[in-house]
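Asks: So you can see what is in the structure, the chains are spelled out below.
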Amino acid sequence: MSLLSEPLIQRMLIVGLLVGMAAPVMGTYLVQRRMALLGDGIGHVALAGVAAGWLAGSLFDLAQQDALAIPGAVIFAIIGAVVIERMRSRGTAADIVMAILFYGGIAGGVLLIGMAGGSNANLLGYLFGSISTVTWGDVWMSAGLAALILLVGLGLRTALFTVTHDQEFARSTGLPVDALNMVVAVLAAVTITVAMRVVGVLLVSALMIVPVAIAQLLTRSFSRTMHLAMGLGAVLTITGIWITVFQDIQPGSLIVVLGVLLYVLVAAVTSLLKGVRR
Amino acid sequence: MSDPSFSADVPPSLVEARDVRVSLQGTEILHGVSLHAAAGEVVALMGGNGSGKSTFIRSIVGAVPTTAGSISLFGTPASPLARARLGYVPQRITAAGGVSATAIEVVTSGLLGARERDGRSGSRLRGLVPPRDARARAREALASVGIEDLAKRDVSRLSGGQQQRVLIARALVRKPRLLILDEPMAGVDLQSQVSFSHTMGHLKDEGVGIVVVLHELGALARHIDRAVVLEHGCVTYDGIPPKDLGVHALPGHEHEHPHTDPPTREGSSLGLEGP
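Keeping their order, the protein sequence lines are chains A and B.
When we follow my numbering, the leftmost residue of the first sequence carries the number 53, and every step to the right adds one.
When we follow my numbering, the leftmost residue of the second sequence carries the number 115, and every step to the right adds one.
Please note: incorrect hints may appear among the correct ones.
As the list claims (entries may be wrong) - Pairwise CB distance ranges, derived in the manner of DEER restraints:
1. A/SER323 with B/HIS145: 51 to 59 Å
2. A/ARG86 with B/GLY353: 41 to 49 Å
3. B/LYS289 with A/VAL309: 22 to 30 Å
4. B/ALA250 with A/GLY327: 33 to 41 Å
5. B/ARG246 with A/GLY166: 53 to 61 Å
What the hints assert, rightly or not - In silico contact screen, one side only, chain A against chain B (beta carbon under 10 Å); selected entries:
6. LEU82
7. SER141
8. GLY143
9. ASP147
10. ALA151
11. PHE154
12. GLY207
13. LEU208
14. GLN219
Stated by the list, open to error - A few chain B residues facing chain A, derived, Cβ under 7 Å:
15. THR190
16. PRO194
17. TYR202
18. GLY212
19. LEU242
20. LEU272
Calculated directly from the structure, the hints in this document are not laboratory data.
None of these values were measured; they are calculated from a predicted model.
Positions of the beta carbon are idealized from the N, C-alpha and C atoms, including for glycine.
In isolation and in its complexed conformation, chain A is listed as follows:
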């Protein structure tokens, strides 16, 4: 138990718990809209934002060169999410939008980090996560953003469900459909920048989607899927982080692998139980 009194482990577990709970909330809406890979697209744009923040840090001659990396990621991710939503609402094919974001984000990130005098190695922590470097400042920022995601994502659940489930009907009711669509896109962007610290850009979508996929195997209700996915996300993240305290393993990849293994296990058991019932 003495490990729990270590400030670093406390910070890692708090951020892990917050991200583990918040990410599946927005993941549920993205799966509902059949845009499960949106997180990947925004994540890559966020990487360009990290590099832009790095460049700004070097231009302003800041002592800590990456001080503006996360704010840069938040700004770029939100702009990326708004652009995606605009293109989607105008009927542009989702896969084309994703491809442009993927390539534009990664190329922009590498280009900007080079201009900032850094190297691709500086981006690795953001690509694969760097939870062991979180500060108390990061914890407070994560707590604030996670609270926003949970407050809006859970508080407006029925409205966001209506818009993502049947947009045409939602419009007929007089709901502000465009504004609610934008709320989903912006909150997804915020979620990605918060989760980026834990699992990295490359695996950020997994933390949003895998718990939802597992929950879908166990319940057929939208609200129960969301609540169960939140619990699963928290348990997976905490378990992954706790294991890496004792083993020298990269936490982000471990969390995602644990999630995928749990999905396979639950899918096998539920399929077996269905066979027995027949």
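Dock chain B against the given chain A, drawing on the hints supplied.
Replies: Positioned in the frame of chain A, the structure of chain B alone reads:
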């Protein structure tokens, strides 16, 4: 084609569309379509595939923008607030998401809408969050279409007719003054057709105006007061529907296909066509 809405002794229209034009991707789909429906009146909107029926309905509910003409609801220009008193049942295919949802969750979503308060009590009728008695009201709506026992079932695993009844319950939970339905009978089993016919009769008696897109009058024939036929985006007929014959008997119906169904049964209590 007469326009009774201009007559002083005719009740005011719940919906009145005048010379509505709609273009999609640069092509004009509707070339000046007009329609009106009063309280307690059931208007069937008919026509062949591609005639513009669904586009017209979608323009009334605000799902597609109009390029010309006017639409008024309950005597005021169509707006999100005016649509708060409208119930819409889209074609079943539109109600599908990536995450499962129960029937009661889908019906509860019908309780949201533009912010509106009760004029007398001041209590909130609609907004961004459902009211406190949302589940009770959703159950009541499911019961009104005879599927209360399916409340906790996954909608995507229900039969076509049951899914359609869930969508009708979602519209009815709003206690609408005007109900708009887009082909509610397409691919629906006979039991659900009969159930909906009874529901429509009750709504009509309560003074709800109904605009329903149909390919055939079928089980709803006895409730239809007026038929409006669209062809290539223009109204070609607006008048009393011939009973029991469906769209094939209406002026403007010119598409050709083999009629292999058995002859219509005269005097059917439901006005059903075929077996």
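Asks: The structure should be examined with respect to each hint, and the outcome stated for every one.
Replies: Each hint, compared with the structure:
Separated by about 54 Å at the C-beta atoms, A/SER323 and B/HIS145 satisfy the suggested range of 51 to 59 Å. Checked against the given bound of 41 to 49 Å, the beta carbons of A/ARG86 and B/GLY353, roughly 43 Å apart, stay inside it. Under the hint 22 to 30 Å, the C-beta atoms of B/LYS289 and A/VAL309, about 51 Å apart, miss the expected range. Range check, B/ALA250 to A/GLY327: about 38 Å between beta-carbon atoms, so the 33 to 41 Å window is met.
Take B/ARG246 and A/GLY166: their Cβ atoms lie about 57 Å apart, and the range 53 to 61 Å holds. Taken as an interface hint, A/LEU82 checks out: its beta carbon lies about 8 Å from the nearest beta carbon of chain B, inside 10 Å. Annotation: A/SER141 was flagged as interfacial toward chain B, and the flag is violated, the nearest CB pair being 13 Å apart, outside 10 Å. Interface hint at A/GLY143: satisfied, since its Cβ lies 8 Å from the closest Cβ of chain B, which is below the 10 Å cut-off.
Taken as an interface hint, A/ASP147 does not check out: its beta carbon lies about 16 Å from the nearest beta carbon of chain B, beyond 10 Å. Below 10 Å, beta-carbon pairs count as interface contacts, and A/ALA151 has none with chain B, the closest being about 21 Å; its hint is therefore violated. Interface hint at A/PHE154: violated, since its Cβ lies 21 Å from the closest Cβ of chain B, which is beyond the 10 Å cut-off. Look at A/GLY207: its Cβ gets to within about 7 Å of chain B, closer than 10 Å, so that hint holds up.
This hint holds: A/LEU208 has a C-beta 6 Å from the nearest C-beta of chain B, less than the 10 Å allowed. With its C-beta approaching chain B no nearer than about 8 Å, A/GLN219 sits inside the 10 Å limit, and its interface hint holds. Hint status for B/THR190: violated, given a least beta-carbon distance of 13 Å to chain A, over 7 Å. With a least beta-carbon distance of about 3 Å to chain A, the hint placing B/PRO194 at the interface is held under the 7 Å criterion.
Here the hint on B/TYR202 is kept, as its CB sits about 4 Å from the closest CB of chain A, short of 7 Å. Because the closest C-beta pair between B/GLY212 and chain A is about 4 Å apart, less than 7 Å, the hint holds. About 5 Å separates the beta-carbon of B/LEU242 from the nearest beta-carbon of chain A, less than 7 Å, and the hint is met. Look at B/LEU272: its Cβ only gets to about 11 Å from chain A, farther than 7 Å, so that hint breaks.
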